[in-house]
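One line per chain: the protein sequences are E and B, in this order.
The opening residue of the first sequence carries number 1 in this note's numbering; numbering runs sequentially from there.
The opening residue of the second sequence carries number 1 in this note's numbering; numbering runs sequentially from there.
Keep in mind that the hints are not guaranteed to be accurate.
[Said to hold, decoys possible] Taking beta-carbon pairs under 7 Å as the criterion, some of the chain E residues facing chain B (in silico): (1) Thr52; (2) Met68; (3) Thr79.
FYI, nobody ran anything at the bench for these hints, they're computed from the structure.
Cβ coordinates follow ideal geometry from the N, Cα and C atoms, glycine included.
Residues per chain are reported as follows:
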Amino acid sequence: MTGNLPFLAVGIIFFMGMYAILFERNLIKIAIGITLLEASANLFLIVLGYRTGGSIPVFTLAGEVRSMVLPTPQALTLTAIVIGLATSALLLSLIMLLYRHYGTLDVREIRRLRG
Amino acid sequence: MSSKPYIFRIASLILCVSLGLMLFRGIAALPVTEKVTGPASHYLARTAGETGARNVVGAILFDYRAFDTLGESTVIFTAVCGIAMLFSRRKFHRSSRGLSFIAKRGIGIMVPFLLMYASVIILFGHLSPGGGFQGGTIFATVTVLLCVVFGSSFESQYFPPRTKDILESGGALLFSGIGLIGLAAGTGFLSNIAAGFPAGTFGSFLSAGSVPILNVAVGMKVGAGLSTIFYSMIKMLDAGHDHREGGGIE
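Here chain E stands alone, though its shape is the one from the complex:
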C-alpha cells in the first residue's frame, strides 16, 4: 500500500521543473527543468498503472503470481524515456551553439544582443 505518496513525488518534481522553466535565466537550468517535467510525466504514468500487490508484467520462472501491474504504461514510458534522452540531447546541442554564438547562457542577454 503506497497511498498517494508517489503522486506527491510527481507533484513536487513537476513543481521543481516548472519553477526552473519559469524563473531561471540560465539556459542549462531551463533544460534541466524540462527534463524534470519529463521525469514527472513518466513517473505519473508508471504510478497510474500500479495495482496494489501487483508484480512486474513478466512471466518469470518464479511461478504463478496473483496479479500484475498494467503493462501498457510501462511500454509507453520506456519509449518516452529514450525519446526524452534524444530530445534533451538536441536541446543541449542548440544551447551549445547559442553559447558559442553569444558567449552567454543568460536568456535576457541573448534577447538583448539579438534585438
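Position chain B against the provided structure of chain E, taking the given hints into account.
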C-alpha cells in the same frame, strides 16, 4: 528594478499551487483497486498464447503496438539527424589524449563485459525485463566510455561514424522489412504470429516470432543513434577547446 517581476512571481506561484491542489484532489478521488481493466487485462491474459513472449511489456512494444514503436524510433532518428546536421560543419577536430593509464586499462577490462551485458539484454528481451531500447543505450554507453577515456579520435577509429550510420539505417530497414513480411502474408503491417513467424515453445530462447528480431533492430537503431549524438557533441567540445587554446573567439 520595478515591482513587475515580483508580481509575476507571486501570480505564477498562486497558479502553480492552485493547479497542484486541483490535481491532488482529482488523484485523491481515484479508487485504489487491484482490478486490471481495459486492454491491459487482455494483454495480461493472452500475451503468452498470442505472441509466445514472456515479457508482456516487450510483447506490447514489438507486437501489439509495433507500429507505434516504429514511429518512436523514427523520432530518435530525426533527433540524431538534427544533431549531426547542427555539428556537421566542424572540420577542425583534434581529440583529447584521454585519461590516465589506469583508467584506460580498467576500461579495457570492462568493455567486453559491458558488451556482453548489452547483448544479453537485447537478445533476451522477450523473456526477461529488457529489450532493444535498454540494451541499445548500454551499447551507446560503451562508446561514450571509449570517447571519454581514450579520446574521441580513438573511438571514431574503432567505431567509425560511417559504421554507425549503416547500423542505424540497417536497424530501420530491418524493422520495416519485418513489417512488410506481415503485409506480404496478408495479415497486416508488423503482424507477428499471424504472419507465419514461428511461435516456438513458450519461454525458450527461440520463441515469440518476430519479437527478438525487432528487439535487435531497435537495439541497433538506438545504440548507433545515441552514440552518434554523443560523438557529434564531443567533437564540437574538442573543437572549442582548440579555439580557446589559440586565443581566438568565434
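Restraint: Thr79 (chain E) near chain B, CB-CB cut 7 Å. Satisfied or not? Because about 4 Å separates Thr79 (chain E) from the closest Cβ in chain B, which is inside the 7 Å limit, the hint holds.
Met68 (chain E) as chain B interface residue, shortest Cβ-Cβ below 7 Å: With Cβ-Cβ at 5 Å, under 7 Å, it holds.
Hold the hint about Thr52 (chain E) up to the distance rule: shortest CB distance to chain B must be less than 7 Å. holds (5 Å)
In terms of the numbered hints stated before, the structure departs from none.
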